[in-house]
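So the protein sequences, as listed, match chains P and U.
For the first sequence, this note's numbering gives the first residue as 1171, with consecutive numbering after it.
For the second sequence, this note's numbering gives the first residue as 1171, with consecutive numbering after it.
Watch out, some of these pointers could steer you wrong.
Unchecked claim - Stretches of chain P that chain U covers, calculated by requiring three or more beta carbons in the stretch to come under 8 Å of a beta carbon on chain U:
# : stretch
1 : 1303-1310
2 : 1354-1367
3 : 1386-1395
No wet-lab data here; the hints were simulated from the structure.
Bear in mind that the values here come from a model prediction, so they are computed numbers and not experimental data.
From the three backbone atoms N, C-alpha and C, an ideal C-beta is built for every residue, glycine too.
2 protein chains.
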Amino acid sequence: MTDVRYLLLAEGFSADPHYGKTARGVLRYRRDDVVAILDSTRAGEVDDGVPVVGSVNDALCFNPTTALVGVATQGGRFPPEWIEILKSCIAKGLDIENGLHVFLADDPLLAELAARYKVELRDLRRPPSDLSTATGANLQVPGTIVLTVGSDCAIGKMTVSLELDREARSRGLRSIFVPTGQTGIAIAGWGIAVDAVVSDFIAGAAERLVVEGSERGGELLWVEGQGAILHPVYSGVTLGLYHGSVPHLLVLCHEAGATEIEGAGGGPHPIPPLRELVELHERLALPVRPAKVVAVALNTRRLSEDDARAALAAATAETGLPADDPVRFGAARLVNAVLGMG
Amino acid sequence: MTDVRYLLLAEGFSADPHYGKTARGVLRYRRDDVVAILDSTRAGEVDDGVPVVGSVNDALCFNPTTALVGVATQGGRFPPEWIEILKSCIAKGLDIENGLHVFLADDPLLAELAARYKVELRDLRRPPSDLSTATGANLQVPGTIVLTVGSDCAIGKMTVSLELDREARSRGLRSIFVPTGQTGIAIAGWGIAVDAVVSDFIAGAAERLVVEGSERGGELLWVEGQGAILHPVYSGVTLGLYHGSVPHLLVLCHEAGATEIEGAGGGPHPIPPLRELVELHERLALPVRPAKVVAVALNTRRLSEDDARAALAAATAETGLPADDPVRFGAARLVNAVLGMG
């Protein structure tokens, strides 16, 4: 992975924490590998030290090797205007990594073009071809499995897992981040997008991930959560991942102040109180592997520091659990909670 | 559908309620369309009026038009010995309907053979190609949506939905069975196997099914349940179907006396008390569409009649809900409960 130099494709969404979450995640956790961001709506800006360009041509002076699709669209389809960008990347000799549901390598036109220009089309969400149903091997994994769960999508479950993993590693623990979605895979370089597998195999995919995380040397496995247990669109993935990854411990993630699930039709879809979410998640654990919520991770990006600290205190008062914003205030407190030192 | 004459392929499992559940379901609800059953382990027997034969050749005198794969295997793969049976069916000019995960039409050898003999390979589990995420259109469906949920797989959720639909139709109600799995699809002639869609689209598939059930004239929609909410392998499908079908009412299905989920590795996987399952399901309803469990459907096939009646009384005492075995004692009581006449 050390030779990869990314051009992040994020047209229109490079600053959007929801639709641009892959771009934001890669920028945060793999910034050294990113040489430019493509977003004509912000061309000329510099984002966290990385230049934003308006076209593929303008990016070439930064010598990218690979274009990474940095947006997530609902349903995972490609907007038509993107095809032109992708063709342009291929014609300039860039490999493409794509985390959307639609697989680039299955597009005859793009595949033909890629063959002609000798570039690789890597579809991060393409499931392993030999997936099957869960077998129970997950329950044999030694060590401690920690899953992030949350009140909504795109509120920071992956970020929390990454921050806590980084903190645990900094303490010398054999800790590993277990990626379950396209951004996590782009950051860590392995994983399965559990939302892209055949439904019957969700738990089987999650099982394989914790087994592999253990084989990669992890004794403390931070499984990236997906969706939300009461999300009208994605809850199936959430529960299948929960049961297939058989966590011992859960960290409940929530965006401070959010009261409704966003982006789901037919709403409003209110978010229940944190206390209820804690109890609901614990009751949904498999009897064979009881799981406890040990901490609350609050995303306080929209609050002042004073308000953030008040929100953390309120979350603790409501749930009786340690609460912190690991991005804002560091991950030490949450890692302590997971290690039973909270 | 009136011209279809089925040869039920159920080699080794024609009497098995679990692995042979497609065969059993089609025999129960579409028996007039079945001319023979293939199961060499029972050749010469007569099953509920239908002859059991030992080979495809022996079935030809009954003039089948279509061979229906009547077994379900975990993971949905084809045992190798089956390929020979399928090739034999094709060579005799039979169309094939298949509900397993592996698609026959994608097998180059079988597809080539089917083209040569001019027969059709219909993969019942193949999802519509234009599926996407749920939109909220499910919440606009008029009428009453009733989902069967259960304590385990293969305990009779589909059967309960079919029996209650039949009873409702006999009362002149505009009632429809909404198929969500291969057997239901084989019986009803439409539907989507929700366990075969991409995980992100489970709720979207369920949404499409209730919308279609309504468009087909249903004012009372009986959605076939799948899996179980605490099933270590299939719970993701269960919850996605629950949230995507947005039921108003739930019927909780349970096999009387069962205490553990069967066939899942790494166990034991105990089944919680019925009262807890009722509460857990109600708490998992989307806030925008609260759902109540209105009745318990007990599968009492392993009990004497006296013991069955005692089990029903115990279920009512535990849950405070009407309880009945619709296969054994008729569906009237459960339909009354759903209609608020219980």
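So, going through the hints one by one against the coordinates:
{"no.": "1", "hint": "1303-1310", "verdict": "holds (count 8)"}
{"no.": "2", "hint": "1354-1367", "verdict": "holds (count 4)"}
{"no.": "3", "hint": "1386-1395", "verdict": "violated (count 0)"}
Checked against the numbered hints above, the structure breaks only hint 3 and satisfies the rest.
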